[in-house]
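Enquirer: All chains should be built: construct the whole structure from the sequences, respecting the hints.
One line per chain: the protein sequences are C, H and V, in this order. My numbering numbers the first residue of the first sequence as 3 and each following residue consecutively. My numbering numbers the first residue of the second sequence as 1243 and each following residue consecutively. My numbering numbers the first residue of the third sequence as 13 and each following residue consecutively.
By construction, these hints were calculated from the structure, which means they are not laboratory data. In this text, a Cβ means the ideal position worked out from N, Cα and C, and glycines have one as well. Do not rely on the hints blindly, as some may be mistaken.
[What the hints assert, rightly or not] Keeping only pairs whose Cα atoms sit at most 20 Å apart, straight-line, the calculated DMTMM-like set for lysine to aspartate or glutamate is:
1) H:Lys1304 - C:Glu534
2) H:Lys1353 - H:Asp1387
3) H:Lys1353 - C:Asp352
4) H:Lys1358 - H:Glu1420
5) H:Lys1297 - C:Asp352
6) C:Lys290 - H:Glu1313
7) H:Lys1358 - H:Glu1313
8) V:Lys134 - V:Glu214
9) H:Lys1304 - C:Asp352
[Claimed, not checked] Chain C is faced by these chain V residues, among others (derived, beta-carbon under 7 Å):
10) Phe49
11) Leu55
12) Phe56
13) Leu60
[Said to hold, decoys possible] Computed footprint of chain C on chain H; a stretch qualifies when at least three of its residues, placed anywhere within it, have a C-beta under 8 Å from a C-beta of chain C:
14) 1273 to 1285
15) 1299 to 1307
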Amino acid sequence: MGAMSSAIPQEKPRTNYLNHKYGILSWLLTVDHKRIGLLYIVSISAFFAVGALYAGLIRAELLTPDGDLLSTEQYNRAFTGHGVAMTFFVLVPLIPATLGNFLLPMMIGARDVAFPRLNLLSWYMYIGGGTIAAIALLTGGIDTGWTFYAPYSSRYANGSVLIALFGAFTAGFSSILTGLNFVVTIHKMRAPGLTWFRLPLFVWALYATSLIQVLATPVVAITLTLLGLERIFGVGIFDPALGGDPILFQHMFWFYSHPVVYIMILPAMGVMSEVIACFSRKAVFGYKIIAYSSLAIAMLGFIVWGHHMFVSGQSAFAGLLFSFLTVLIAVPSAVKIFNWLGTMYGGSIDLSTPMIYAMGFIGVFTVGGLTGLFLSTIGIDIHVHDTYFVVSHFHYVMVGSAIMGYLAGIHFWWPKMFGVMYNRWWGRLAAVITFLGFNFTFFPQFVVGYLGMPRRYHFYPEEFQIWNVMSTMGATVLAVGYVMPLFYLTASLINGEKVGANPWGAKGLEWEAADSPPHHENFEATPIVTQEAYAYAEEEGAVVH
Amino acid sequence: MWEKLYNDFSFFPEGASTLAWEIDAIYLFAVAITVIFTLLIFVLMIVFAVKFRRKDENFIPKPIHGSAPLEIFWSIVPFIITQVLFGWGAYIFFKYSNPPANAMDVHVVGKQWMWKVQHPEGKREINQLHVPVGQPVRLIMTSEDVLHSFYIPAFRIKRDTVPGRYTSMWFEATKEGEYHLFCAEYCGNEHSRMIGHVYVLSPQEYDEWLQTEENGPNDPPAVAGERLFSQHRCDTCHSPDGIGRAPSLRGVYGSTVATSDGARVRVDESYIRESILDPKRHIVSGFEGTMPTFQGQVTEEQVLELIAYIKTLGAE
Amino acid sequence: MSTDHAATADHHNSLVAHQFDDAEQQKEASALGMWAFLITEVLFFGGLILAYTIFRNAYGLAWTAGSHELNVALGGANTAVLIFSSFTMAMAVHFAQLGQRNKIVLFLILTLIFGSVFLGVKVVEYSEKIEHHLVPGPNFQYHGEFADEVNPRNVELYFFMYFAMTGVHAVHMIVGAILLVVWLIPMARKGRYTSEYYAPIENFGLYWHFVDIVWIFLYPLLYLIGRHN
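Expert: Dropping the structure here:
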């Protein structure tokens, strides 16, 4: 490391992206991908707070089996609000829109994404969709569950279903535009010498993610549109009483909503490759396999949606086929984990905060992935489908893994974003608390799920109480783990230790060729790449001097 | 309180059907795989993190770019494990997909927010299901409004009930007792109250229970169906001798008929239901589509009774 | 660090946005972006066509019945109009490549006119349906030639799909027409497009042809069911 980090601070550029312009409008009308990334971080954090508040209500309610804190209506609105806020407004944009926006152009040596104004439009659509959804939650709320299953959502549910559908629809277009922008950026904006197989694996992960966003999101857009029209006109696309088919809704919904899980997890896997390579100071083991496995997961993700419908009444043959295809996803996922371990093997491992989050990710993702096997095995799924086992599984993957990956990334690139370092001990402590709190919260849910507790239950039989109490206790620990970064990261902005361009001694254009915080056009001049990614063992940097 | 907590501290629900042990066995296999791999990965990770911890700030480790044998090894091992799980799960699924011939048909209708059950002898119950031990039972299920899901954890079975169509599942209870019955598909406000109990009785107790006066005496569905059949004047067109304006229904259940648009349709519960509620959709070839719809004139339960009656009309 | 001076030569050219190195990169990026966008559109319409297919399979005769209520002549004429607008659009792109300002403007205006004719005919067709109570909802009635053989609810479903599919298509046409009026035609008149820089016209052309192709699928799917016998 040394060489780069001590060399650059001396010739600081006159301006960086943070002090390039001032004033609120310079942020709200910015087309700088870095500022847009920060706008997303702030707005997604706000939605996370909303979703977490609902989660807190749910966990508090489930302390007792008698449903004595909230009314049933309130409880149903709480879990729907939790699901809608967290899936559509937190997890889908979580990493691509924040870290992806901030880093992608820098990682490929570009001044910005291909369509900066479109990028800003995405953010406004996100905010627009979020505002609409917030209106839905405030004006009566919705109690359909985030899955909007017909015919309940189209004919029976009260509340602001239409408004919520429109909010999710709008946010969907934000996601499409981000994906489209990234696909073009990765294809056309790479710096000279940066071939496909020299790309950082985070970029590969973003590429696979963007393909899913572009291909899957329009299907849910039209599905939600049809559902809305059915609700308005009372015509049966999905309502069997009017001649429609509720199973069709499930097919169309899961054609998007299964791939969407990979929108959440693939970028987190990309972050893992970056973090583990840096803190092991070693090239990623099996670079190409990891790159290809991202694409394989994205492709397989499109043909497995039927595993959400094993007990829905779809044909036995369909169930068998979807079961077979689904278990295959375990292979590329397992390969990634073993390759990360291979990267750590023989490395020079620094247990800094991002690395602890990354190791937490591996632990949580292993459990999340393996329990996915239970659910894709058609025999077991018949018992555990729609129980807390499923709830726990997808929280392990979507919350445990995706948010752990996001936090690893935030802690890794924080000094790049703001040129300051947070308190490393607080960081490590928060990472450990998050990992423990997470497992404490969700592990009991596997057990209570196998015991037979269905999800979305306001009242439940007494014998399940012990597990719910454990889960709620864990949730308080997890909450501490999630809140801590808010304090020490904010504190670092005020009085954090100033750091140079490359405090971790990492490889990659964003570290080696850009300052911390970066220049508003990222680089002083277009960098030229002459090396593979993660060339930790090579003396030369990735940039020609 | 502590004793109660201790008793609740169980990792398995009670198993009370022929399927239960099979699901528990494959589940335990999957748990074992999960534990082994999680431990393996976790231990390796910790060992690496300690053994290869950064001791010298300037030390640059030797890069390893990959290893084809290793990559192949750790692709193939997960592949084999997943295929074992898939194959085993599919085996169980198929073994239990078709009910035995001697299964007893019980009708289940879900509605917001209750389960309505009718036994072949005609006895009805709500949010309860009484079944004899050792007797295969097939549930023929539908819903009056939204999706529900009929879930008996002790039997390890669950199936959605879908409005507008029939779904079915079967089980054979192996242990007398009282078990939970849940609705597992979110169905609106009182979803978590759409619960009840399954009572597994000895055959004698079951027969006694059938005789109890509770919920009043009921005709068997086939008898009630026959009465409905004549009440609604179905027999004026669907005459037994087959010379009416509509096809004879003798022996029609389980057969395959040609329809006017050239398709061939298997006559099962769903087709009979569709023919009562939406008769113009698949008209048997050679007949006019003159039958009116009975949508709104018969309830879901009455449709089930009519079907039960039509099923008793054997060929002559 | 060396600077790639060749790559930044165009940097101060006002037609090349700051994030691009040169006009070539910008052109390729915008074309790829448009293709990616069209792929999302394919999936968007794909969802509709999936629903259409499933219900047509389930309610075959009702689909025929609904289709027979449509005005094949108007639909066919509209198809011709739209194909012709694609031709004029292609001509606009052609003259944009040659940088002939007046002809670009002329053919863009022709495209706009044909597009508007299409929409006008659509308005006539829609109002016919409204008069005949064929709009899904409480006022829907079906008394057509298949009235004895089909369930009107299923015909209503056909008309729901008809309005959803042609409606979404019409929205795309309206968006295209608005873009022509407020953006491409004024810019073309100002002489903004030259043989060096015509990517907006080319990409708009891709969009217009796509919307045209969608109609070429919709026309037989909706208008021509059961017409062969």
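Enquirer: For the pair supplied as a hint, Lys1358 of chain H and Glu1420 of chain H, is the alpha-carbon distance within the 20 Å limit?
Expert: Holds: Lys1358 of chain H and Glu1420 of chain H sit about 18 Å apart, inside 20 Å.
Enquirer: Please count how many residues of the stretch 1299 to 1307 of chain H have a CB within 8 Å of a CB from chain C and say whether that reaches 3.
Expert: It holds: at least three residues are needed, and the stretch 1299 to 1307 of chain H offers 8 whose Cβ sits within less than 8 Å of chain C.
Enquirer: Does Asp352 of chain C sit within 20 Å of Lys1297 of chain H, going by the straight-line distance between their CA atoms?
Expert: 9 Å, holds
Enquirer: Tell me if Leu60 of chain V is really an interface residue toward chain C, meaning its C-beta lies closer than 7 Å to one of theirs.
Expert: 6 Å, holds
Enquirer: Can we keep the Leu55 of chain V interface hint, with Cβ of chain C closer than 7 Å?
Expert: 4 Å, holds
Enquirer: Going straight from one Cα to the other, do Lys1353 of chain H and Asp1387 of chain H come out at no more than 20 Å?
Expert: 6 Å, holds
Enquirer: What's the verdict on Lys1304 of chain H and Asp352 of chain C, does the C-alpha distance respect the 20 Å limit or exceed it?
Expert: 16 Å, holds
Enquirer: Are Lys290 of chain C and Glu1313 of chain H close enough, with their CA atoms no more than 20 Å apart?
Expert: 11 Å, holds
Enquirer: For the pair supplied as a hint, Lys1304 of chain H and Glu534 of chain C, is the alpha-carbon distance within the 20 Å limit?
Expert: Judged against 20 Å, a Cα distance of about 15 Å means the pair holds.
Enquirer: Do the alpha carbons of Lys1358 of chain H and Glu1313 of chain H lie within 20 Å of each other, as the hint requires?
Expert: Violated, because 55 Å separates the two Cα atoms, which is more than 20 Å.
Enquirer: Residue count check for the stretch 1273 to 1285 of chain H against chain C: does it reach three with CB-CB under 8 Å?
Expert: holds (count 6)
Enquirer: Between the alpha carbons of Lys134 of chain V and Glu214 of chain V, is the straight-line distance 20 Å or under?
Expert: Roughly 27 Å separates the two Cα atoms, so the pair is violated.
The structure shown violates the earlier hints numbered 3, 7 and 8.
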